[in-house]
Amino acid sequence: MTKRLLLGNDAFCEGLIAGGVRFYAGYPITPATEIAEAMSRRMPEVGGTYVQMEDELGSMAAIMGASATGVKSATASAGPGMALMQNELGQAIAAEIPLVVVNVQRAGPGIGNATRSGQMEVMQSRYGANGEVPAVVLAPSTVEEAFWLTLKAVNLSEMLRTVVIVLGEGILGLQRAVVDLPDDYDEIEVVNRPRPSVPPREFLGNYAANELSEVPPIADFGSGYKSIVSSVGISRRGGGDISILGLAVDDQDFTIRRLHQKLLDRKNEITLFEQLMTDDAEIVYIAFGTQALSAIGAMHEARARGIKAGVLRLISIWPFPDEVVRACCAKARAVVVPEMNLGQARLLVGNALANTGIKIVGVNRVDSITIKPVEILDKTTEVLS
Amino acid sequence: MRTEIRFAGVGSQGTVSCSVVLAEALGIVKDYQVVQTQEYAASISGGSAQGDVAFSDQKIIVPWVLHPDVLVAMAQDAVKQHAAAMRPGTCVIVDDIMVTDVSSFRKGVAIHWAPMTKLADQVGFRKCANIVALGVFSRLTGLLTLEEITKAVLARAPGRAEVNIKALKLGYDVNLDLVAA
Amino acid sequence: MNLHNEMPATRAPKKKPDLQRPLDELVELYATVPDKAFRYCPGCGLGMAQSAIMRAFHRVGVDITKVATAGGSGCYSVMGHYFQSSHIHGSHGRGCAYATGLKLARPELTVLTLQGDGDLLAIGGNHFIHAARRNIDITVICFNNYNFGDTGGQFAPTTPLGSKTDTSSLGMPEPAFDACKLAIGAGAGFVARSTVAHPAHLTKMIADAIEWKGFAFVEVLQHCHVLWGRRNGMPEAMDMMRFYTDNSVLNPSRIPEDEHFDIPVYSEDEKNVKFVLGVLHKERKPEFTEEYAKLRAKAMAKMPGKVQS
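Residue numbers (numbering that gives the first Met the number 0), protein chains in the order written: chain A, 0 to 384; chain B, 0 to 180; chain C, 0 to 308.
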């Protein structure tokens with residue numbers, strides 16, 4: 000372990016590399032550009048490949064191609080770039096290709112405000128793509144966590160055969176902090192996707208499954224197996240056949256439900272959170288990403304003033320940890336959700352706490368100015384009075 | 000104890016680089032807990048730009064700078080933008096040719112005029128005014144010795160070492176009391 | 000329809016060893032026959048194009064397990080499922096981008112994209128020109144049927160001026176792309192055109208394209224008598240086959256390397272469309288995956304002992 004001053008965007012890169020990513024396709028976009036810049040240097044150094052594509056659609060498609068050959072692959076983007084990626088994102092989740100996408104969120108709709116930060120893509124991460132696909136989303140708060148969580152994202156993507164989104168923020172990507180990271184990534188344990196254990200002749204294809212919770216094996220292109228990667232039309236019964244009418248309806252039902260169930264059955268392995276002083280908390284601050292740090296600052300201030308405050312920092316956002324929210328709010332009278340959007344996480348918290356009678360309010364900013372602990376405290380006084 | 004530093008100016012003056020070097024000096028050379036953040040306008044050159052450093056001997060929770068203890072202002076626009084955030088008892092270092100009006104600061108803010116751009120011109124490279132500023136800052140705050148800040152500059156900006164060392168030393172040797180008088 | 004009666008081996012011209020080989024045997028070696036039926040319309044040119052691709056595989060001698068194909072949406076989109084090779088059946092237009100990832104990650108694979116004219120030249124145009132510019136060693140096969148067949152026959156970037164489609168019932172008002180010229184302009188090293196009415200020629204073009212080191216493009220004129228033909232006076236498959244044979248001009252000379260054919264690749268006078276078939280362009284230039292391998296070797300040499308596989 001060596002101490003170094005590391006840029007948040009570089010921490011994402013190192014996390015990807017430590018997780019075994021050896022293919023990166025990207026397109027420059029503020030505030031995620033540093034990831035592409037660093038990957039263009041780091042990928043060839045570690046024996047991997049960097050390619051700069053013609054647009055974000057191309058980036059996603061290229062990493063899908065690379066991952067289909069068995070090489071762990073990733074990309075990063077922001078704002079409108081993420082909007083463009085939704086097409087291939089849904090495609091890759093449905094085709095069950097392991098990938099990691101880092102979204103260094105900028106602020107605002109449309110082209111937005113490139114150099115400013117926001118937390119406006121909580122819902123897009125889950126509901127952005129067409130056709131009822133699930134999502135696994137992790138949101139780091141600090142530079143050090145950006146490294147470990149991105150590494151975890153690579154492992155989850157392989158374990159679950161899905162796309163994992165690391166929901167960063169401009170203010171995190173462009174932040175430097177002193178971190179202590181491992182020098183030798185070889186000593187880090189990494190997870191690899193399930194691969195077929197039967198000979199090619201007996202392989203029923205990448206989507207052969209009997210149970211809704213199954214993550215079926217996937218064959219690398221060029222490994223001797225006939226490997227078909229597709230989001231539609233592949234029968235789970237194998238044979239790699241596509242019928243004249245596409246999938247039978249029961250096959251379609253099974254396939255879509257399995258995409259969700261395979262995640263839900265492993266929710267314990269996905270869910271990550273930090274709870275601080277929630278045991279006796281009358282008021283709980285629920286936040287994610289960088290704004291959770293303000294919530295922690297506010298909690299210390301509140302406790303100093305004799306208010307029983309606690310914090311639930313959501314580290315994994317999707318699948319949304321309803322049970323954790325309920326458990327942390329067992330004694331709560333009110334919940335404050337500070338976030339740099341107009342209440343996306345608040346909606347989810349409200350859903351988790353439905354019919355509990357707990358008052359739920361937000362502290363929301365969309366001007367890219369970070370929420371100050373004092374704003375959360377003011378809201379605390381307001382809801383408790 | 001938590002201390003907050005802000006370098007502000009216009010794009011291409013190197014204020015973000017200043018904050019990165021200072022973070023390196025405090026975090027790696029001096030072993031403090033450090034977080035550096037930055038903000039800049041979309042135009043790389045000319046828009047407003049700032050580099051912030053928060054450091055402490057304990058874990059830093061809130062990473063961003065709210066009320067700087069020290070502000071280094073390299074341009075009049077920076078004064079305009081950040082004067083309100085400065086509380087009485089804090090300290091400001093302003094460039095004595097790029098800044099002309101400091102009336103917007105509250106009473107009780109100590110203002111130090113420093114010839115950062117002038118000294119950079121003396122070295123023959125105006126763009127190293129930010130390095131001069133680091134020298135001035137280190138001496139004035141007593142946070143870093145000349146050796147310590149030099150180590151950080153060389154680690155973060157290995158190019159143009161000779162010019163930078165010269166600029167740092169000139170900045171470090173400025174007698175601010177004399178300038179103020 | 001099925002492959003067996005589409006092009007019986009007995010009809011293949013003699014003295015062409017790869018065409019004499021019975022189709023059954025090629026199917027055994029390279030194809031996966033679907034349980035139910037092929038998804039092509041009866042008489043569709045895609046089956047003929049597929050036969051030509053299998054013959055080209057055989058001619059080149061590829062190991063089918065080392066072949067990867069990619070494609071998006073369109074009538075052709077099922078073709079990748081019918082080979083024994085691996086295939087990405089992805090979203091509309093991204094074939095060249097999938098192929099770029101496949102080839103860069105595993106340069107030892109033989110990578111082809113199977114794409115329609117709408118898929119490649121409309122929604123996927125950007126990926127196409129940039130893959131050509133990079134000169135990455137993939138073979139792009141474009142099945143040009145003059146319209147969007149899978150959605151019921153709307154005009155595509157290739158629909159000839161004045162011809163009728165679902166969305167140009169009064170005649171196509173926009174000029175068409177010449178896909179080969181576009182490929183040449185974008186930097187493709189190997190560009191060829193053929194039709195499904197010239198099976199031996201088509202096989203040769205595809206085989207040469209697969210063997211070419213660098214970006215190779217083959218435009219396959221493949222009839223859609225059901226949609227485009229019916230609306231433009233050629234309602235039967237044979238009408239359109241005749242349309243191709245009557246209007247095609249074979250590139251008269253073998254063109255040497257690093258030169259390109261100097262007669263227009265696609266000419267149109269007031270009455271007649273003329274297709275110039277053959278290799279239209281050949282130009283050797285550095286290939287992307289090879290160049291990247293050199294760059295990688297340099298970068299890795301700078302980082303001794305730091306490499307994780």
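Incorrect hints may have been included.
Dumping the calculated PhoX-like pairs for lysine-lysine here, alpha-carbon to alpha-carbon at most 20 Å [unchecked claim]:
{"id": "1", "chain 1": "B", "residue 1": "K168", "chain 2": "B", "residue 2": "K150"}
{"id": "2", "chain 1": "A", "residue 1": "K2", "chain 2": "B", "residue 2": "K150"}
{"id": "3", "chain 1": "B", "residue 1": "K168", "chain 2": "A", "residue 2": "K2"}
{"id": "4", "chain 1": "A", "residue 1": "K371", "chain 2": "B", "residue 2": "K58"}
In short, the hints are calculated from the structure, not lab data.
Verification of the hints:
1. For the suggested pair B/K168 and B/K150, the alpha carbons sit about 13 Å apart, so the restraint of at most 20 Å is met.
2. Between A/K2 and B/K150 the CA atoms are separated by roughly 15 Å; this keeps the pair inside 20 Å, and the hint holds.
3. With a C-alpha separation of about 27 Å, the suggested pairing of B/K168 with A/K2 is violated against the 20 Å cut-off.
4. A C-alpha spacing of about 18 Å is found between A/K371 and B/K58, which places the hinted pair at or below 20 Å, so the restraint holds.
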